[in-house]
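**Student:** As a plain string of letters, each chain reads:
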Amino acid sequence: MSDIESELEFELHRVLDPMAALPIPTRRMAQSRGPVRALMGGAGAALTLKLLTGVAVAAAAVTVAGVATTGSLNPANWGQQVTTQVANCKAQLADGQHGIGDCVSGFASQHGAAVASDARHHGNGNDATKDNGGQNSNGNANGHGKDKAKDQPPTKGQSTAPPTVDPEPVDQVPPHPPVHIPPQP
Amino acid sequence: MEPEQHYEAGSEADFERLYRNTYRRIFGTLITLVRDRATAEDCAQETFERAYRNWASWRPDAPVEAWLHRIAINVAISDRRHQGLRQAGEMVRRLGRPAGGPDPALVAERSDLIAAMKKLPTKQAAALVLRHYHGYTNREIASALGVPEQTVASRLATARKHLQAVLSR
Chain A
1 MSDIESELEF ELHRVLDPMA ALPIPTRRMA QSRGPVRALM GGAGAALTLK
51 LLTGVAVAAA AVTVAGVATT GSLNPANWGQ QVTTQVANCK AQLADGQHGI
101 GDCVSGFASQ HGAAVASDAR HHGNGNDATK DNGGQNSNGN ANGHGKDKAK
151 DQPPTKGQST APPTVDPEPV DQVPPHPPVH IPPQP
Chain B
186 MEPEQHYEAG SEADFERLYR NTYRRIFGTL ITLVRDRATA EDCAQETFER
236 AYRNWASWRP DAPVEAWLHR IAINVAISDR RHQGLRQAGE MVRRLGRPAG
286 GPDPALVAER SDLIAAMKKL PTKQAAALVL RHYHGYTNRE IASALGVPEQ
336 TVASRLATAR KHLQAVLSR
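Protein chains in written order, with this note's numbering: chain A, 1 to 185; chain B, 186 to 354.
Simulated from the structure, these hints should not be mistaken for laboratory data. Errors might be hidden in some of the hints.
Unchecked claim - Derived list of chain B stretches under chain A, where covered just means 3 residues or more per stretch with a C-beta under 8 Å from a C-beta of chain A: (1) 204-213; (2) 249-263; (3) 296-304; (4) 312-320; (5) 343-349.
All of these numbers come straight from a predicted model, not from anything done at the bench. Beta carbons are placed, not taken as given, at the ideal position from N, Cα and C, and that holds for glycine.
All chains, full assembly: derive it from the sequences and hints.
**Tutor:** Here you go:
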């Protein structure tokens, strides 16, 4: 046996033999690697995190969509109101009269205006005092995000003033006289 | 190697006996392969868990301890791959460990030789400890590692050469 082999043997026994005195721990049962450990450790943890993130994002999306559609955290509210209104509109129809579209549409418009107004009062809308550049006065109050022009510079002639109930200012400058362009020879 | 004993595959009582008879030797091998005592304990438990799951299908065509060592070495290789992920947990465990007398496992951790062996490729270090600590023959090591005897001889020679260079510095 070479020197290095003898040295290795000696050193390994010197270092590892005392470990024979260590107590033997209780055997970890194979069953203890249950679903919790599988979920909390190794690749399981990464999958669990992804799954939980996915569920959280989906839940948040559903909630936001519900609020955006109904103006309420309870999506059942608006649906119930519409059902009631449809029934009312049907009841209001005279004999031989058809179509409740206008009636239901009127109700929907009122609801939209009410939700927008409420959102403005609670600061949820595109309040001109907020830091949105003060450019969009369309009052997309319930955050539907349908306004494509949001965050874009206003087009020429588009008002940038906040919504107001005051009468529009009258332009004091007299109109330009018509320009006459003589026909070319 | 453990004196040859008879074990019946699938027997719960025999597996418990196997655990009692071989735990320290498997742990001794693992402490030369993985980072520290806590990891070696974890890997030893993982080794016996894996062995237990396959206990019913174990065939006594090779010594049972060689079979366990094969599992243990695979566990150690896997642990080295995922070493980074475990570092935070190990730190917490280390900080929480009460101070005591001279711990043989800590002595092992501080040994220059063991430190040098931990830097070797796992299979080379495993061949060394099986050969020079457990007294396996090259054939038994080949059986434990699932490689030809020539490969074992080659790994042993490379590992010794590397250790000699490191320890003589």
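**Student:** All the hints need checking, so say for each whether the structure fits it.
**Tutor:** Hints, one by one, checked against the model:
1. 204-213: It holds, with 6 qualifying residues against the three required.
2. 249-263: Coverage by chain A is violated for the stretch 249-263 of chain B (0 residues, Cβ < 8 Å).
3. 296-304: It holds, with 3 qualifying residues against the three required.
4. 312-320: That given contact holds, which follows from 4 residues of the stretch 312-320 of chain B lying within Cβ reach (below 8 Å) of chain A.
5. 343-349: Three-residue rule met by the stretch 343-349 of chain B, so holds; n is 3.
Of the hints listed earlier, the one the structure fails to meet is number 2.
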